[in-house]
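Undergrad: Listed here are the chains, written in short residue letters.
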Amino acid sequence: MGLKAVVSSPSPAFSTDESGAVEVTNVGHVYETASGTTEALTDISFRVETGRFISIVGPSGCGKSSLLMMIAGLVQPTRGTITAGGRPLVQPDPTRIGVVFQDASLYPWLTARSNVEFPLSLRHVDHKIRRERAEEALDLVGLAGFADKHPHELSGGMKQRVALARGLVQDPPILLMDEPFAALDEQTRLTMGDEVLRIWERTRKTIIFVTHGLSEAIHLSDEVLVLTSRPGKLVDRVSVDLPRPRSFEVMGGRRFEELRERIWQRIRS
Amino acid sequence: MSTASHALPSPRLVRTAIVLGVLLIWEILPRAGIVPSLFLPPMTTTLQMLVVEAPIYARHMLVTLQEVGIAMIFACGGGVLCGLAIGGAASARQIMLPMFSGLFAVPLVVLYPLFTAWFGIGSESKIIFASVYGFLPTLLGTAAGVQTVDRQFLIVARSLGATRMQKLWHVYLPATLPTVLAAFRLGGALAIVGVVVAEMLTSTAGIGFLISKYRTLLDSPRVYAAVVLVLVLAIAFDGLVQVLERRLGIAQQQSGRSVGKRSVASAVA
Ligand SMILES: Nc1ncnc2c1ncn2[C@@H]1O[C@H](COP(=O)(O)OP(=O)(O)OP(=O)(O)O)[C@@H](O)[C@H]1O
Ligand SMILES: [Mg+2]
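As you go down the protein sequences, you meet chains F and E in turn. Quick note on numbering that gives the first Met the number 0: the first sequence kicks off at 0 and runs consecutively. Quick note on numbering that gives the first Met the number 0: the second sequence kicks off at 0 and runs consecutively.
If we strip away everything but chain F, and leave its shape as in the complex, we get (with noise of 0.2 Å):
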């Protein structure tokens, strides 16, 4: 689609690391239920290099999370294709891709540790390698002294960093999240991303972030991918030119308005 042409990438470092690049291609989905048939999404096509951070906005029901499922795996597209790492993802491999869900997805009747170790357990990881790789994860998203915790002691921001430490135990080249700060917060929100940029920023990782806060987006991202509703649709990709890190000052400046008045016109439309 023309939609490409626009997009040519700012960013000065391209890697040709295939790894954590993700390759949507025409991609559509209709679910059909008893109720009658819905298109979720239709004709989508994108390419996100390894190591960038693009998020994903659009209005309520236009298949953020749809999109999100099927580049994970989760889901099979009805049309198009999907590759991630260069490959086509039959099934959800959380070597290659990671995911952060919206609402603390971990398991209560397991602590912090245990929730992080499950995805290596279920592979037969060794129990102390195992123990290491969480350890290290729990660290990364500095939790580290809360591993025995069940999930019902810890506060929402403590959840989502779990569940982030989960997503990254096995260093996936790739991780989505879909709205993963979105129960939180405003202040919590805040320093969540913070902390996600100040991950992204030590692993290099391709990040594909589904939000409804177009701040949020922006502060984040090297590019926001704005879909619209009925059938979901790629409308535009907007690139954030903006220096990082990105300060107060950048976050209050004309161009971030510009870019926010930009992205809330073309969901709008």
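Because the hints were derived from the structure by calculation, they are not lab data. Beta carbons are placed, not taken as given, at the ideal position from N, Cα and C, and that holds for glycine. Heads up, a few of these hints could be off.
[Claimed, not checked] Mimicking SDA-like on lysine to any residue, the simulated pairs with C-alpha atoms at most 20 Å apart in a straight line are:
| no. | chain 1 | residue 1 | chain 2 | residue 2 |
| --- | --- | --- | --- | --- |
| 1 | F | 232 | F | 261 |
| 2 | F | 148 | E | 245 |
| 3 | E | 166 | F | 74 |
[As the list claims (entries may be wrong)] Computed footprint of chain F on chain E, listed as stretches where at least three residues anywhere in the stretch have a Cβ under 8 Å from a Cβ of chain F:
| no. | stretch |
| --- | --- |
| 4 | 144-154 |
| 5 | 167-181 |
Let chain F serve as the given structure and place chain E with the ligands on it in line with the hints.
TA: Positioned in the frame of chain F, the structure of chain E with the ligands alone reads:
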């Protein structure tokens, strides 16, 4: 808490008092001639029988215990496994559940004579009858529990690469543990009832057999002594399940999440 305990005696104390009261009434009513001792022999006379006739009771108790033990393995083990399997698969659930619910409504005791015809009057017929008797409610209870498992738990498991078996073992089982234990409790109690009733109907050994035999001889103290043993067996089993519940930390599990969020969820799990 500590101030309240001044005003109210602990539940445990009240319970003990009630039990002692019942035992006391049991002793006094026949001794005072208010109730003929053929209907209700005094407590001490009954318990005395257990001591005097200890070898006989022990021998028959052993038979009963063995039958109950084996029946519980089939009823509870089989019931839980089949419940997990059936509850976990939509198609199996739709086909099988109505069938089992229907079967559950049949008073199986009326079929017991058939069991003796097929399997003889020895232990086999009791074990098989009690297994079937305890199996159905265990299965139904477990299957019902499985259906209430939060779909998000399953989506997460899939995104982390869990296989079907791993989902059953690592998600369905712990998530339904409280329900499963409740089902196990019911199934186990019914297995005990099944064995004793079967022994009472047609048999040559076991506590139920003793109850029947002494009843025809109008030997009330010995009948009551045997009944006491059945009670002890049932209470001991219940206590065992409670210990198990505490061990597994059912109390600390609190999954405070909404069930069945309709979204991409239903398509994924
Ligand atoms: N399992 C499903 N069965 C049928 N239709 C579904 C299913 N999941 C989603 N849909 C429909 O597909 C469309 C896109 O849903 P999706 O959840 O992907 O949107 P979303 O952009 O993530 O919305 P939100 O911002 O509210 O999270 C909606 O119209 C929704 O009703
Ligand atoms: Mg969504």
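Undergrad: Are the hints correct? Go through all of them and say.
TA: Hint check:
1. 232(F) / 261(F): It holds: about 17 Å lies between the C-alpha atoms, which stays within 20 Å.
2. 148(F) / 245(E): With Cα atoms ~18 Å apart, residue 148(F) and residue 245(E) stay inside 20 Å; holds.
3. 166(E) / 74(F): Status holds; Cα separation ~17 Å.
4. 144-154: holds (count 3)
5. 167-181: Coverage by chain F holds here, the residue count being 5 at a Cβ distance below 8 Å.
In this structure, none of the earlier numbered hints is contradicted; all agree with it.
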